[in-house]
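J.: Residues per chain, in single letters:
2 protein chains.
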Amino acid sequence: MAKRFAVTALIYGLTQVSGMYTLYEYAPSGNSYKLRLAMTQLGLPFKRINLDITQGESRTPEFLEINANGRVPVLVLENGERLSESNAILWYLADGTPLLPTSKLEQAQVLQWMFFEQYSHEPFIATARYWVYSLGAEDEYKSKLDENRPKGYAALDVMEKHLTSNEFFVGNTYSIADIALYAYTHVAEQGGYSLAAYPAIQAWFKRVEAMDNYIPITQ
Amino acid sequence: MAKRFAVTALIYGLTQVSGMYTLYEYAPSGNSYKLRLAMTQLGLPFKRINLDITQGESRTPEFLEINANGRVPVLVLENGERLSESNAILWYLADGTPLLPTSKLEQAQVLQWMFFEQYSHEPFIATARYWVYSLGAEDEYKSKLDENRPKGYAALDVMEKHLTSNEFFVGNTYSIADIALYAYTHVAEQGGYSLAAYPAIQAWFKRVEAMDNYIPITQ
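First to last, the sequence lines map onto chains G and D. If you read the first sequence in my numbering, its first letter stands for residue 0, the second for the next number, and so on. If you read the second sequence in my numbering, its first letter stands for residue 0, the second for the next number, and so on.
To be clear, the hints were calculated from the coordinates, so they are not data collected in a lab. A hint or two may mislead.
If chains are identical, the list can't say which one is meant, so a pair holds when it fits in one copy or spans any two.
Taking lysine-lysine and the BS3-like style, the derived pairs with C-alpha atoms no more than 30 Å apart in a straight line are [unchecked claim]:
no., residue 1, residue 2
1, K103, K141
2, K143, K103
3, K46, K143
4, K141, K46
5, K46, K160
6, K141, K160
7, K103, K46
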């Protein structure tokens, strides 16, 4: 992607390039990774601006002008419009592409899994990884981790049940519902979760990782 | 709605009526109210089945077959398919109606506000109402209420800022983004929040309540 963009920029002699997305992100976060993965798979060039949220860089007065809710990721569109909320951005990127089914029911099912991810999964699985892996503060957050753990495992149970009889989350084809759920699930062990009891989830990881133009969270 | 449905049922001599939505709900919850309000405004007949979540009625083996995540609301469609997650159901109901804008960007903005509602608003504002108003357990939950309060007010601040220069959340027309945010905000005081410092939110309440076929949460 970067290479293709560099060539395009060279041809047009551009230093500031319009017609390109800008992603404000905290690179290690699953929410930001969702968008890098989707944009790479869709062949959409993007520029990355990293904010270190462990240092409060998403709560500065300058960034609050970009997102009043003080969170990343934010995607700046080609026309300058800004979108926040990772799963809403995924929808925007995927609409009209093979990453979003076209039937009304399947589109609602994609949203169902994405709201499940933000309400019943991310607050327990992503936060554990943030406290343990990003902040290195497992001891400080022990009581919160203990409180969240059963809720995180409950979300994994729901996923395991679904994946026991389905290849992917909606319509048995890879979609943004898979991207949204893969992002934090595949690194849940960095937050102290064990995935040993989840064979269907592990098999699904392999299917996601075999998709064209897959990139890892570290990229 | 009920009256019109009753007449239709009479004409066709039906006791069990297909071609009608069934809503599994906890009637006092804002998430369930969102769907009653949208279906009433869209003229869609529906049957209601109440589950008392304070008594664990959404976690029974029977209900877990309907929603493995053990939560209401769930909407059973005319063809027997089931959808969960209130905002995904709102999308399904509103798609193709005046309650959902048609442009790609505005649709993403609707989703942005609905994900904001489920991630940054509902966990702090709805839960407070549940502990204080539904369970009558303000003392038992005092430390959690104290912890959540600043996060709930932060969400209200984001809404107030937006509504200071906008009539509604997206495209200055009433949409499911307004329904999603109105549901718990207009009863936030039942969870101990004060809305006195939020004049733009209060003015927006009046605009929502003036819409055709508005019904209150108690209905």
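J.: Now look at each hint and say whether the structure bears it out.
T.: Results for each hint:
1. For a Cα distance limit of 30 Å, the shortest separation of K103 from K141 qualifies neither inside one copy, at 43 Å, nor across copies, at 43 Å.
2. Taking the closest pair of Cα atoms, K143 and K103 never come within 30 Å of each other, the shortest separation being 39 Å inside a single copy and 39 Å across copies.
3. Proximity of K46 to K143 under the C-alpha cut-off of 30 Å is found in neither arrangement, the shortest distances being 36 Å within a copy and 40 Å between copies.
4. In this homomeric assembly, K141 and K46 never come within 30 Å of each other (Cα to Cα): the closest approach is 37 Å inside a single copy and 45 Å across copies.
5. When the C-alpha separation of K46 and K160 is checked against a cutoff of 30 Å, the pair qualifies only between copies, where the shortest distance is 29 Å, while the shortest distance within a copy is 38 Å.
6. Taking CA atoms no more than 30 Å apart as the test, K141 paired with K160 passes inside one copy only; the shortest distance there is 29 Å, against 36 Å between copies.
7. For a Cα distance limit of 30 Å, the shortest separation of K103 from K46 across copies, 22 Å, qualifies, whereas the shortest one inside one copy, 33 Å, does not.
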